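First to last, the sequence lines map onto chains A and B.
No gaps in the numbering here: position 551 of the first sequence is 551 in my numbering, and each next residue is one more.
One rule links them: number in my numbering = place in the second sequence (from 1) + 1000.
Be aware that a few hints might be false.
[What the hints assert, rightly or not] Interface residues of chain B toward chain A, partial, derived using beta-carbon atoms under 10 Å:
hint : residue
1    : S1049
2    : M1054
3    : L1066
4    : V1106
5    : S1110
6    : P1164
7    : Q1169
8    : E1171
9    : S1194
10   : P1196
11   : N1199
12   : I1203
13   : P1207
[What the hints assert, rightly or not] A partial selection of chain B residues facing chain A, derived with a Cβ cut-off under 8 Å:
hint : residue
14   : E1038
15   : R1039
16   : Y1041
17   : E1103
18   : W1114
19   : V1121
20   : F1125
21   : D1163
22   : R1165
23   : T1166
24   : D1198
25   : T1213
26   : L1214
27   : L1215
28   : H1218
29   : E1240
Quick caveat, the hints were computed from the structure, so don't treat them as lab data.
Remember, predicted model here, so these are calculated numbers, not experimental data.
The C-beta atom is built at its ideal place from N, Cα and C for all residues, glycine as well.
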Amino acid sequence: MAIPLTCSLFLVSFGFTRASADVVTTPAIKVTAELSRNRVPAGDMVQLDVKVTGTQEADLPKDLSVNGLKITLVGQSSQVQMVNYSVSSSVNYSYIVTPLQTGTFTIPAIPVRAQGKIFQTAPLQLTVADVSSKQNTPQVTALLNGVPIPSSGTPNNVPSPTMSAGNNRRASDDSWDQVAFGELCVAKKKLYVGEVIPAEVRFYVDAHYNAQPRSDVLFNQEGLLIERFTKPKADVLQRNGRTYNVVTLRTLISAVKPGGLEMTPASLTLLIELPGSVPPGVPDVIAQLMGQTRGATQGKQVKITTNKLSLEVLPLPQEGRPDGFSGAIGEFRLMANASPTKLLPGDPITLSLSLEGKGNFKALTPPQLTETDGWKLYPSTDRFEPNDTLNWGGIKTFETTMITQQALTATPGALFSYFDPNSAKYVTLKTKPIPLSIQPAAGTPSPVSATNSSTPAAAPSTTPAQEQLLDHFSNKSWLPPFYRKDFIIASSILLGMVLLCFAYLGMEYRRRIIALRDREKLQLKKLWEELHQQTLEPIHFFNKAGEVAELLLKRDPSNQSRLEAILRRRDEINYGAREVVLSNQERQKIVTMLSPDL
Amino acid sequence: MKKFLFLFLILLGSAVIPLTASSDNKQSTIDLLTSSPERYYNDALAAESQGNQMEALLALRRALILEPRLKVAQDHLETLLKKMGLPREGSWQTSLARSCSPELLVLIGSLVGWSAALLFVGMLFFALGRVEQGAKKGRWPFLVVLFFFFAGHAVAFLGNMIDPRTIAQKEMMITDADQKIAGSSATRGIPLRSTPADNASIIVQLPPGICVTLLSQHGFWSYIKTASGPSGWVPSSVLEALIPLEKN
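Next comes chain B alone, as it looks inside the complex (with noise of 0.2 Å):
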């Protein structure tokens, strides 16, 4: 009676995975609004067409985070990047984003993980009521049954590491918001410096567009690291964060 019981909990458990996965539908209308990439694909269509390419970027970076696989979107960043001069972008993690939806790997994932947990923990019931009568199985089911709750974890923390949303967290775009930044200037980009300080030298010339990733502030100043290697400091103010910082 007991081993049921156990087994009807975990089953109730382990329904909250895809409960939790449809979750977001509780969210109100205005965040439908703010967290559709198709409504952030519109805005880039309009800021473009304002000639807003900056404002046009960040909106395609944002619908291509929220839904890597709206293909309207990829096309579109890709021909805005080359209009504006900047580097393709692209990652492995990208590519497989691309092609297997990140959210899908995380809840099929959690599912075959959790469920071989569940069937780990039956046969050890079972196995336990043979330990009175004495009797000895082989051991290939249960390493069967630890080889999937191993590989379902696996590609769930494979999806949630190529979800954009994960990689983003930490992501911001170089804007051209504060053309009044010294040494910087339209033609050369933003300047990073090796100290937080205007007079500090600079290490290269970022383009606006490009995105780097945060790895720490410090007053007005942000540390940060390019897709190309060197890191240092930028002020704060020429940051974008690709996730709206309200919803973070």
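The following block holds chain A by itself, in its conformation from the complex (with noise of 0.2 Å):
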């Protein structure tokens, strides 16, 4: 037996189609660049989400120009891990596009500056359709497509058309508000900027008929940020005395701004399949198991709409809003846990603020920490447990490491400012230090006072000796000997002095040798002269030729072979005992070896 086509239960997936690109350029920084959805009515809004990982910081511009579009920064959030001292972050930022016409268009590459470097997204390409084109999105139809619509989840206490035959209902004996129709609630119609609500939108088929989707569910709304529809839960519900199947949708919104909101419906276009009837003579037990026939069976296209809503969007009020506040609205609670409690200095402790309650969570930003003194920090990491389904109340954990070389007693405090819309007050939430037993360990420094670093302070005695403030202070210069210009011009005076000694010793030596020498030359002329005189006594003359011989010699010791006759001559006369005979070819041969030299 056929099981009917309206006994499938549909499952609506709704998303936004998103259209994404990467561009990775250095193994540290990836930059992403994600549109919401690619396609868009006139009107609509679109989130742009420009996702930068390997960095806690990036510069990007607050405004894109496109023709066509408006394109706006509207906030940022920051993701931290550090496992091991190992740093992963990551920074994301929103832009809304609000399209100012119709058309294609391309959304150039988005410049983000990190890290000292300029990176680029990737282009993405937005289609805003006309109104009346809103249905029939290809990317949205393309997951309903095939999915049938749950028109009874065939429950028992639902009389099937087939099961009550000749009492087939035909679609136009009803109005078809009341075969298929859908509602829009939210959870209160005041809300505040930024303040986050669920809605839910719900669409009944009777579960007489057959339907299946041939649209998106469609739900836009200028100045709303939608969230992602939550799974579709299908139910079956009576009412005015029908049977509806019922496919609800959940969401969370927000508005961007204040003032009054009148939010457009959402729709859905379904193709209702009329029943046949059941063939003559096919006993009513076949045709309940076949459920219906199906060869005559007819379809009809109907979009069904919910209802409008007129929201009041308020401003947040100025007035008793804290410092610290930083845009989170709900209803909180702030607990802090530290871990371990015990241990040395320089030991890591994990201070954990967890944020439970309802709101806005994905802008929440990490508690202020006060008392921070002596703690080096760095940065959190979060993480977000929700407890339902639309990521509407949970708890955000922010955990962050600290390092301690003081033998400290607590840790940080920390304070977290929120508005609350239902009491429409700011509230401060805060913590109390929690206490620690930090051992000093041996020879670790000791608590060193840090409030003036260069005025001089005597250290406590009890102190390490190495650790101490030093409070006797010497006078050194930054400048070795040779680069100062004292010493400088010093040694230049000394090696000045030195060189004019040199030269004058030298000038000096010269003078004198030059005296020595003239000298010499004035006994070698008295003595040549003495040579010549006939008169001369023989051992006068051997002994004025040896003078003479020997001045040569001291002169140029080379001529000593051709003077040391005259020497040896000298010195046999003087010491022999043979008279002294000098003739005259003796004198001449004599003074004639003599006379090269002179």
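Join the two chains, each given in its own frame, into one complex according to the hints.
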């Protein structure tokens, strides 16, 4: 027996298709740009997210210039993770894209400056369709095609059209408003800018009719940020005496600007199949098993819409706004926990600050730490544990790793400010410092006065000597002696004096040598003249010739072989016993021997 | 008479050396604060207690440049380097400077060298007197004096060579002052690039806190040489001179 098509449960997996493009430029930095939708009807807004991973800080333009689109930076959020001191971080920047006209637009590459370098996202395409072409969004339809609408789930208590043969209801008999319709509900109609509230879209289809989706669920609203829908929930309800298959979609919405807001109804286009009659002669049991005859159905495309809603969006009051308020709206509770609480100086400690409650968790920033003196703080990490499918309520925990070198007695405290929309007041939550037991380690630094580093102060007598502040100051030059002007001058003076002395000594030495030679020359001249006197006694002649030979040898020792005979002859005459005889020939010969050098 | 006049002038000149060595005393009170190794050591303790290890490291290095034998600063620097995961620093110049005051070496070497020079000059004067007499003496006294002349000045040059102030003239410390350097991160360090451009290939990542030698500067980029060998370019903004610039 054929199972009726209408028995299938339709699960509308409504979701924003996201066009994304990644540009990986370096292993460290990754820049991603995403559009919440790449096709929107005119008048709707789109969220453009730029995610920068690998850094905590990046510079992006506040506005992007695209003809036909208005793109404005509306916020940022960051995430940091540290595992074994290995830090990974990312920061997400959100833009709101408001189409000003229809058409297909290319959002150009967005320049992202991170760590001194420019990164660029890939260009993205956005199609802004005319309002009349809102339905049949291709991407959305693709998600729904082939997924049957849960017309009944075939609950036992719901009479099948075929079971009530003869009572088959024809669409022509009913108003289409009763066969299929939608409902839009919000948690409250008066909300604050940035406040997150749940919204619910329900589509009712009479359980007696087959229905198949022919479009995506369209739910867009200018001035509202709409989160992703949760997984659709199917149910069967009785209403006004009729049985309906109900698909419920839930989401979170928040307003971006104050003022009155008329919400556009959500819509869905369905193909309603009208049941045919059971062929004659077919027993009821068979007909029940068959559900209905397939060949007899006929379809009708119906667009069902929800009701309209008016919202009043209030601005956040300026009065009483705390300094540390960072945009948190909702109801929160702050809890602090530290681990470990017994440690040695230098050991890391993790301070966990948990915010529990309901509100805009995505916009929450870490609570502000107080009394942080003496602590070295590392960037905090966060994690969110939702306690509902909407991510409206839950616990967001910020973990901060800290290190101290001092024997502190407690962790820092924490402050967190938020706006409570129910009481319309700002609330500041505080946590007290958590007592710690930090034991001073042997040989580790003792507390050091950090108040005035340039003022010498005597250290306590109990601190280790090597960590005491010094209280006597010596005076040193930044320049080594060889670079100092006075040293260079003094050395130059000394060098100059020594050189002067050498110069003087050289000149004096030369002068004295010259004088000595002049004296010798005079002596030679005198001796030479005496040698030429014929009246000179032979012994005197040989002595004078010997003196001349010695002077010549002193001047030029190379003549020794020639002049040695003269000296030998003189010695013979002076020390010999023979009578001295000097002939004219010998006299002439000796004078000739001496003459070449004179 | 001339000999004694020259000797007197040279002795007067040599007396300038010790005077120049103590000429630092003429510095003003502000200079005293900014060039006191003890003051830098105190600054380092204060910076570290505030969690600023980089500033503490710089202050300790400056304290040891001014006074390489400041034991507490030596110990604290080693502890801090270990804590920051940086390699232990040391060279034969540093070791020698810690055991013997470089300034003292320069002073003693200069005195010995110049005294030998004076003695040599004096001996030449006496030798000159003997030239007329024609007397000749041995040369070894001259050689001994010459040896002292060269040895004294060699010691002075050695003292200058091991003086941390001489070594640190071109020394820079890599800091983490500018975390927005392209390709840098707290965990990986500052990239040493092959050319002065943001997109140049990275030779090695330099951990903040290490010392490098500045070779040249080109616009906002500095060409440096690391102790381990590689040379390359880093943004000048990440370099901090070990010797305060105003003192240079």
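Hints and how they fare:
no., hint, result
1, S1049, "4 Å, holds"
2, M1054, "12 Å, violated"
3, L1066, "4 Å, holds"
4, V1106, "4 Å, holds"
5, S1110, "7 Å, holds"
6, P1164, "8 Å, holds"
7, Q1169, "8 Å, holds"
8, E1171, "13 Å, violated"
9, S1194, "16 Å, violated"
10, P1196, "13 Å, violated"
11, N1199, "8 Å, holds"
12, I1203, "15 Å, violated"
13, P1207, "13 Å, violated"
14, E1038, "4 Å, holds"
15, R1039, "6 Å, holds"
16, Y1041, "6 Å, holds"
17, E1103, "6 Å, holds"
18, W1114, "5 Å, holds"
19, V1121, "4 Å, holds"
20, F1125, "7 Å, holds"
21, D1163, "4 Å, holds"
22, R1165, "4 Å, holds"
23, T1166, "5 Å, holds"
24, D1198, "5 Å, holds"
25, T1213, "17 Å, violated"
26, L1214, "16 Å, violated"
27, L1215, "19 Å, violated"
28, H1218, "17 Å, violated"
29, E1240, "15 Å, violated"
Consistency with the previously given hints fails for numbers 2, 8, 9, 10, 12, 13, 25, 26, 27, 28, 29, ordered from lowest to highest.
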